[in-house]
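Make a model of the complete structure from these sequences and hints.
Here is how the chains run, residue by residue.
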Amino acid sequence: MTQPLLQVTDLCAGIDGGNILNHVNLTVGPGETHVLMGPNGAGKSTLAGTLMGNPVYQVTGGAITFDGADITGAATAERARAGMFCSFQNPPEVPGLTLNEFIKNAIRAKTGKPIKIFKYAGELKATMDILAMDESYAERELNVGFSGGEKKKAEILQMLMLAPKLAILDETDSGLDVDAVRTVSEGVRAYQNQSGGSLLIITHSTRILESLHVDYTHILADGKIVKTGGPELVDVINERGFVDFEG
Amino acid sequence: MNEQQTRGARHFDPAIDNDDEQLKDVLGTETNMYDFKDDDDAAFRVAEGLTPDIVAEISDEKHDPDWMREFRQKCLKLYYQMNVPEWGPPIDGLNMDEIVTYVRPDTQMQADWEDVPADIKNAFERLGIPQAERESLAGVGAQYDSELVYHNLQDEVAAQGVVYTDFESALTGEFADMVREYFMKLVPPTDHKFAALHGAVWSGGSFVYVPKGVKVEIPLQSYFRLNAKGAGQFEHTLIIVDEGADLHFIEGCSAPKWNTANLHAGCVELYVKKNARLRYSTIENWSKNMYNLNTKRAIVEEGGRMEWVSGSFGSHVSYLYPTTILKGDGADVEYTGITFSGKGQNLDTGARMVHLGKNTSSILNTKSIAKDGGVGTFRSAIEIRPTAKGAKSAVDCQSLMLDSHSRSDTIPAVDVRTGDADVGHEAKIGRISDETVFYLMSRGIPEEEARAMIVSGFASPVSKELPLEYAAEMNNLIQLEMEGNM
Chain A
1 MTQPLLQVTD
11 LCAGIDGGNI
21 LNHVNLTVGP
31 GETHVLMGPN
41 GAGKSTLAGT
51 LMGNPVYQVT
61 GGAITFDGAD
71 ITGAATAERA
81 RAGMFCSFQN
91 PPEVPGLTLN
101 EFIKNAIRAK
111 TGKPIKIFKY
121 AGELKATMDI
131 LAMDESYAER
141 ELNVGFSGGE
151 KKKAEILQML
161 MLAPKLAILD
171 ETDSGLDVDA
181 VRTVSEGVRA
191 YQNQSGGSLL
201 IITHSTRILE
211 SLHVDYTHIL
221 ADGKIVKTGG
231 PELVDVINER
241 GFVDFEG
Chain B
1001 MNEQQTRGAR
1011 HFDPAIDNDD
1021 EQLKDVLGTE
1031 TNMYDFKDDD
1041 DAAFRVAEGL
1051 TPDIVAEISD
1061 EKHDPDWMRE
1071 FRQKCLKLYY
1081 QMNVPEWGPP
1091 IDGLNMDEIV
1101 TYVRPDTQMQ
1111 ADWEDVPADI
1121 KNAFERLGIP
1131 QAERESLAGV
1141 GAQYDSELVY
1151 HNLQDEVAAQ
1161 GVVYTDFESA
1171 LTGEFADMVR
1181 EYFMKLVPPT
1191 DHKFAALHGA
1201 VWSGGSFVYV
1211 PKGVKVEIPL
1221 QSYFRLNAKG
1231 AGQFEHTLII
1241 VDEGADLHFI
1251 EGCSAPKWNT
1261 ANLHAGCVEL
1271 YVKKNARLRY
1281 STIENWSKNM
1291 YNLNTKRAIV
1301 EEGGRMEWVS
1311 GSFGSHVSYL
1321 YPTTILKGDG
1331 ADVEYTGITF
1341 SGKGQNLDTG
1351 ARMVHLGKNT
1361 SSILNTKSIA
1371 KDGGVGTFRS
1381 AIEIRPTAKG
1391 AKSAVDCQSL
1401 MLDSHSRSDT
1411 IPAVDVRTGD
1421 ADVGHEAKIG
1431 RISDETVFYL
1441 MSRGIPEEEA
1451 RAMIVSGFAS
1461 PVSKELPLEY
1471 AAEMNNLIQL
1481 EMEGNM
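Sequence lines, in order, name chains A and B.
Just so you know, my numbering puts 99 at position 99 of the first sequence, and the rest follows in order with no gaps.
Count along the second sequence from 1, add 1000, and you get the number used in my numbering.
Take the hints with a grain of salt, since some may be wrong.
Said to hold, decoys possible - Here are the simulated SDA-like pairs of lysine to any residue, each with C-alpha atoms no more than 25 angstroms apart in a straight line:
{"hint": "1", "chain 1": "B", "residue 1": "Lys1464", "chain 2": "A", "residue 2": "Thr98"}
{"hint": "2", "chain 1": "B", "residue 1": "Lys1193", "chain 2": "B", "residue 2": "Ala1015"}
{"hint": "3", "chain 1": "A", "residue 1": "Lys110", "chain 2": "B", "residue 2": "Leu1480"}
{"hint": "4", "chain 1": "B", "residue 1": "Lys1464", "chain 2": "A", "residue 2": "Asn22"}
{"hint": "5", "chain 1": "A", "residue 1": "Lys113", "chain 2": "B", "residue 2": "Val1437"}
Read the hints as simulated data drawn from the structure, not as lab findings.
Here's what the structure looks like:
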């Protein structure tokens, strides 16, 4: 097996001394798509936040390696520059900063080089087309007054523009209508095909997965991965829910 | 064409309509500065610093006309009679006995670039101010260089009949009568102690006259000239935009004033005539030891429009409340301002709007940022006088606190004397949320930069109002301030 992109070993983490994640083990290889499912309160968002280095969560044990480097204690921006991305369930509003400027700044931070303006503009336009976003969105203030669907699309837009090695999608499909789910999943497929990056899709519904290729499915319950299987596990959950996995 | 303008200039309107009781009330001219008794010589005896002789010396050096010579001496007497204002941040650190040392700018002009404090030098590097201009700040040679900048501007606008000159020349030049008529009528020396001080020792500054109907396409800037002369501390700016004319004036402090002297008591008088428009933009980045006690005032005639754009970054203590008197019917004013108070800074800023005319309107939008223990106070005073039927006013004030030991206060005052005024006030104080910083960082943006981006975004409604290079500079200033924060 090639070197894994993400290796989570015995990870324990939580808030204010109380552990939410209890010895989580997870391995994501390059180009693989993993789905993480689990009941409410299982620790899914905690895992996403801990992987991204959100200071709200404290790691109390275990390790995270990414692309061969131990990033357990690394700053969030460092993880992002190493190629990690996390979409937010409810991204905050940033008045006065346009979506366009934000993406440009992020690309600049990642590459350390000035943006090639025409190439960038072309890519932005093409990517917004995939997501059925009107060009005028680029000049709107980041997430200010965005509807739920618009926020999610803006997150996927950022993912596609930044082309990370690993994208963690935290409940990207929640609260979206059928059309919006289809558009978002269109964007995720474009990411799979164009950049060949890995995915960790956190969800508790399965609609977004219908048109996506999935390699592995994990069930997280009580802060532990209690079951790992192939794409067929999604169907099992669809039928039976999480009752089999809850203590 | 020139002849016409000259003739026009000789038939100018009086600065202030003396029959206007309400206006007298606003300006306080009923306490005539010439009325005070002469038996206050005791004040002179106790006065350590500034003496009539020193003021007379200033008159000599400047070749003041007789009336100005007299005016300075009267202002000096007023200065001794009046008390230091106590309603704002303390200015105890300002030694009034040493006032004379602030009045003498010549000693600072000897300083060379090496003496410029490191933080300001850094700022210049970051702002990309070219070497030549930078040197012009430090030495005598500077005067020459900056004169060139100034004359270039004059050439561009002179073709339109616009007058833009340094104040000393204005006093004796072609427009001497007009200057005399308008000088310190809108900000009378009786207004407060520092206005009186200004009247006594003012030096440098600009005089601008835009003739009727003339629209000046490019902004006039007072930026380099003030620095070069080293006389910025008590500069006087007098701008008259005649009927139907249009002007954008930028009072520039791209170049922070690094002088070791630490009092600034400038005065700005702006006259916006019937259907004229004046935009007055300022970015101030004084050195952090400066007491900035500046007085700015505008009077707007019928159908005229006044626009203020103001960015306050530097100084140790600031009192800055531009006043706008909406005298004519249908006159309006819009004030957009931002104040950034950092470590050791107490910036008391805001604006006062006085509605006299019918259907006048005022809009006040401000942003204030406080960090590192800085104190920012925003005061707004909206006065709707009995004659101002149908007046409208909207105040919106937003503050951003960057840490828990900084302070931000909002003190709004509204005084309405009509039955049909439409007055609104909104104030909001917030912090940068950790979640937002994390969000930006999750896209690879380092923490320091993430915070700066959030602050720049907060400030963007103000920077959008500035000419491009000034907006860029303001963002640079924010960046610099934020770096100091981390």
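Hints violated by the structure (numbers, ascending): 4
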